[in-house]
Amino acid sequence: MSLEPPDLVTVAPDGRPPEEQPRWRQAFPIDEPQDDYRFRRHFARFLLLTSLAFVVGQAWIVLLSVLSRTRGKPPVQDVAGVAELPVGRAKLFAYPRPGDACVLVRVSHEQFVAFGQQCTHLSCPVIPKPAEGKFHCPCHEGVFDLYTGQPLAGPPRRTLPRITLDIRGGRIYATGVQQEVL
Amino acid sequence: MPVPEAQEFFIDPARCIGCNACVQACTECDTHKGYAMIQLDYIDHASSPQTVPVVCMHCQSPTCAEVCPADAIKRTSDGVVQTARKPRCIACNNCVLACPFGVPKMHTEMRLMMKCDMCYDRTSVGKKPMCASVCPSQALYFGTRTEIEKLRPNSRPINTFSFGAQMITTKVNMLVPKQAAATHLDVIAALHESTIGNSIEDDLLLAGMEATHEP
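So the sequence lines, in the order shown, correspond to chains A and B. When we follow numbering that gives the first Met the number 0, the leftmost residue of the first sequence carries the number 0, and every step to the right adds one. When we follow numbering that gives the first Met the number 0, the leftmost residue of the second sequence carries the number 0, and every step to the right adds one.
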C-alpha cells in the first residue's frame, strides 16, 4: 500500500495526458489501483469526519448540561384546583415553558401525579390510562407506568420527565422537572 | 497477480470453424458464474457459415467504463477490463449499448453486467484463457508475439479499430493478412456492405446511415 496515487494506465478518449483532464476523471478513475487508492482516501476522510462529529457532539452535550445548570430553578406554576379534577381524570398544562406539554392525573383521592406528555421514544403525546395504571403511546405501542413514569413496554427506554407537585390551599402547583440524566 | 505482459491474445477470424467449443469452455471458467462471455457472430448467415468469435478487446480507453454512471467497470493494471463490480453495478445497460464490439452481457436477474475478463483467474496465474485453450483451429490464440509470428507467417496482428469517428486501441490483437495495407479495422464497415439477396435500401436504418455518410 503506497501513499502516492498509482500511475494511470488507462488513456482518456481524447488522448490528452492526465494533468489536462477534468477533475472528475481523477475522482472516478477507471484503473483499479487508482480506484482502490481513491476509495481508501474517501474511507479515511469518512472516519476522520465521523469521529470529529462525535467529538463535537460530546462537547455539545457538556455545553447543554452546563447551560441547564446555570439557567436557575424552574418557576412555580398554578396548574389546577384540587376540586376541579375528579379521581381518574387528567388535565393538560404547559410547564415549565409555554410549549412543553405536561399531563396531570388524579390517581386517587389524595394522590396526584404529573409527567411530561412527550413519549421518550419519538415525542408523540402519551395518553393517560388511569384505570389500567399506565400511560399509552399510540404511535409505537409504548407503555409507561402511571405512578413512576418508567417505560414498561414498547420502544421507549427512558422514563417520562416527572413534574414535582405541591398542593397548598386546595390548589396544585408545579414546582420543578425531574429529568432522567442520560 | 497481473497477466504477464508478454502473453497476448490473438484472434484469427478466418480460422474460425464455428464449432462453439469456446462458448462451451467459457461457461466453465470460474469467473463467469456458468455463463458464456464469448459468442460466435455469423458474418452473413444467409450465404455463408463463416463465424467470428467475439471476445472483449480490452480497449486502452474502455468505452464501457467511460459511460458507466455507477463507476463500476474497472481496469486492472495489466490492462484487462473486468466484469462490473457487483456492489456498484446498477444494471443500467449503458455499457452494453456503448461497447463498439458488443461484448458486455447484462444479467438482469443478478443485476450485474458480466463481460469477458480474459479468464482472469487463469491468465493471472500463467494459464491460457478457456476459449484459447480449447479452440481446435486456433482462431483464438493466447501466447507471445514470437510464437504467433512463427505460427502465422502470412499474418500480422493489428490492434487499432475505428468505430465511426472513434479510434480504438486494444490489448487484444486481430490477425490480418500480412500484405493488407490496412492500418486499422473498421468495426462497422460490414454494415455498409450489401448482403446477398437483400438490397441495402431494405434496411431503413442503414439507408439513413448511408445517406449521412455521403457528402
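FYI, nobody ran anything at the bench for these hints, they're computed from the structure. Glycine included, C-beta positions come from ideal geometry on N, C-alpha and C. Hints may contain errors.
Pair by pair, the computed Cβ-Cβ distance ranges are [stated by the list, open to error]:
(1) B/Pro-68 to A/Arg-15: 18 to 24 angstroms
(2) B/Glu-108 to A/Val-65: 54 to 60 angstroms
(3) B/Pro-68 to A/Leu-47: 26 to 32 angstroms
(4) B/Thr-26 to A/Asp-35: 53 to 59 angstroms
(5) B/Pro-1 to A/Leu-63: 51 to 57 angstroms
To see whether the hints hold, each was checked on the structure:
1. B/Pro-68 to A/Arg-15: 18 to 24 angstroms: 23 angstroms, holds
2. B/Glu-108 to A/Val-65: 54 to 60 angstroms: 58 angstroms, holds
3. B/Pro-68 to A/Leu-47: 26 to 32 angstroms: 28 angstroms, holds
4. B/Thr-26 to A/Asp-35: 53 to 59 angstroms: Given about 30 angstroms between the Cβ atoms, the range is violated.
5. B/Pro-1 to A/Leu-63: 51 to 57 angstroms: Given a distance of about 56 angstroms, which is inside 51 to 57 angstroms, the answer is holds.
Of the numbered hints stated above, the single one contradicted by the structure is hint 4.
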